[in-house]
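*Asks:* Sequence:
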Amino acid sequence: MSAGSTKNIQPGAEFIKGSITDRTRLAKICKTHSFEGIFHLAAVASVQKSIEDPLLVHEVNATGTLNILNAAKEHGIRKVVLSASAAAYGDNPIFPKREDMLPEPLSPYAVSKITAEMYCRNFADLFGVETTALRYFNVFGPRQDPNAEYAAVIPKFTERIVHDKKPVIFGDGNQTRDFVFVKDVVLANMLAMNSHTSGTFNIGTGIQTSLNDLAGMIMRAAGVSCDIIYEAPRPGDIRYSVADNSKAKQELGYAPKYSIEDGIKETVQYFKNLL
0 MSAGSTKNIQ PGAEFIKGSI TDRTRLAKIC KTHSFEGIFH LAAVASVQKS IEDPLLVHEV
60 NATGTLNILN AAKEHGIRKV VLSASAAAYG DNPIFPKRED MLPEPLSPYA VSKITAEMYC
120 RNFADLFGVE TTALRYFNVF GPRQDPNAEY AAVIPKFTER IVHDKKPVIF GDGNQTRDFV
180 FVKDVVLANM LAMNSHTSGT FNIGTGIQTS LNDLAGMIMR AAGVSCDIIY EAPRPGDIRY
240 SVADNSKAKQ ELGYAPKYSI EDGIKETVQY FKNLL
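Those letters in the sequence shown? Residues 0 to 274, by numbering that gives the first Met the number 0.
Read the hints as simulated data drawn from the structure, not as lab findings.
It cannot be assumed that every hint is accurate.
Said to hold, decoys possible - Distance windows between CB atoms, simulated:
(1) 170 / 24: 49 to 57 Å
(2) 54 / 172: 15 to 23 Å
(3) 231 / 23: 39 to 47 Å
What the hints assert, rightly or not - No more than 25 Å apart at the CA atoms, straight line, and that leaves these computed lysine to aspartate or glutamate pairs for DMTMM-like:
(4) 271 / 163
(5) 256 / 144
(6) 30 / 73
(7) 48 / 58
(8) 182 / 230
(9) 72 / 90
(10) 155 / 73
(11) 264 / 98
(12) 155 / 236
(13) 16 / 144
(14) 271 / 226
(15) 165 / 99
(16) 182 / 144
(17) 72 / 21
(18) 165 / 144
(19) 164 / 261
(20) 164 / 260
(21) 182 / 261
(22) 164 / 265
(23) 155 / 129
(24) 246 / 98
(25) 271 / 261
(26) 246 / 58
(27) 164 / 183
(28) 165 / 230
(29) 155 / 52
(30) 6 / 183
(31) 248 / 73
(32) 164 / 129
(33) 155 / 226
(34) 30 / 52
Since we're looking at a predicted model, the values are computed, not measured.
Note that beta-carbon positions come from the ideal geometry of N, C-alpha and C, so glycine has one too.
Start from the sequences and build out the full structure, keeping to the hints where you can.
*Replies:* Structure, rendered in structure tokens:
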């Protein structure tokens, strides 16, 4: 639970504490449970952490994925759905980002996620384990922890704004991201699990939003106005990002249902309820 909380676990769900780097534990769990599929979301999801500790991030994101795939192969699990990352595209100037572009990773994090994708393809081709890699763009929604060491931008902005503090942007704020609401990501995962299609798919909205515009949206949803603090850009951060969702739409039936404005309203209300 390095980036989550046990408080968010739904009643009736079985929680087993462990690590995907522990092959013995994974094998035991897969042996004692009848899994049809695995949603693989465990990762160190931080560019900055990967720069600080690339060996750890590779061990979790790449080797950990290999451990899961091997457990699936050994125990007859039909499908593995991997949470991959749009960080694979780096700063490729072509927009929108398509799955057939060559990877241009700018960080050890991106390299680790691309490696995980490649293992998925290998296990699909060599061993018949169905695998789908979903390249998430910038996922957001309620329950994200703004105080985590490497928290995402929307919970950090929202937590500061609802507490009458200025949001902090690294860079000039004109950098863009494709922000996708968590409920649309859940939909994409369910579609992938229920499909027999293997491959890599973008999961975003197809709309890019600058961080300056994002801060303004959150302020309006919160009913406040404040200045923005600008600090130096961080190494490894990409400049522009937006998804081409056409492959996911055609092969998985994926179509995002939430606009960024609707998702922000729900997210801001969640943080307000915590006050």
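*Asks:* For each hint, tell me whether it holds in the structure or not.
*Replies:* Each hint, compared with the structure:
1. 170 / 24: 49 to 57 Å: Roughly 41 Å apart at Cβ, these two residues miss the hinted range, so it is violated.
2. 54 / 172: 15 to 23 Å: The hint (15 to 23 Å, Cβ to Cβ) is violated, given that residue 54 and residue 172 are roughly 33 Å apart.
3. 231 / 23: 39 to 47 Å: holds, 44 Å
4. 271 / 163: holds, 12 Å
5. 256 / 144: holds, 24 Å
6. 30 / 73: Given that 25 Å is the threshold and the Cα spacing comes to 9 Å, the pair holds.
7. 48 / 58: Within the cut-off at roughly 13 Å; holds.
8. 182 / 230: violated, 32 Å
9. 72 / 90: Violated, at roughly 35 Å.
10. 155 / 73: Judged against 25 Å, a Cα distance of about 41 Å means the pair is violated.
11. 264 / 98: violated, 30 Å
12. 155 / 236: With Cα atoms ~17 Å apart, residue 155 and residue 236 stay inside 25 Å; holds.
13. 16 / 144: holds, 19 Å
14. 271 / 226: holds, 20 Å
15. 165 / 99: Answer violated: residue 165 to residue 99 is near 40 Å, above 25 Å.
16. 182 / 144: Answer holds: residue 182 to residue 144 is near 17 Å, not above 25 Å.
17. 72 / 21: Since the Cα atoms of residue 72 and residue 21 sit roughly 16 Å apart, the hinted pair holds (cutoff 25 Å).
18. 165 / 144: holds, 18 Å
19. 164 / 261: holds, 23 Å
20. 164 / 260: Holds, because 21 Å separates the two Cα atoms, which is no more than 25 Å.
21. 182 / 261: With Cα atoms ~11 Å apart, residue 182 and residue 261 stay inside 25 Å; holds.
22. 164 / 265: holds, 20 Å
23. 155 / 129: Not satisfied, since the Cα-Cα distance of roughly 36 Å exceeds 25 Å.
24. 246 / 98: holds, 8 Å
25. 271 / 261: Holds - the C-alpha atoms of residue 261 and residue 271 are around 15 Å apart, at most 25 Å.
26. 246 / 58: At roughly 30 Å apart (the allowed maximum being 25 Å), residue 58 and residue 246 break the hint.
27. 164 / 183: Judged against 25 Å, a Cα distance of about 29 Å means the pair is violated.
28. 165 / 230: holds, 12 Å
29. 155 / 52: Satisfied, since the Cα-Cα distance of roughly 23 Å is no more than 25 Å.
30. 6 / 183: holds, 22 Å
31. 248 / 73: violated, 32 Å
32. 164 / 129: Violated - the C-alpha atoms of residue 129 and residue 164 are around 47 Å apart, more than 25 Å.
33. 155 / 226: holds, 15 Å
34. 30 / 52: violated, 33 Å
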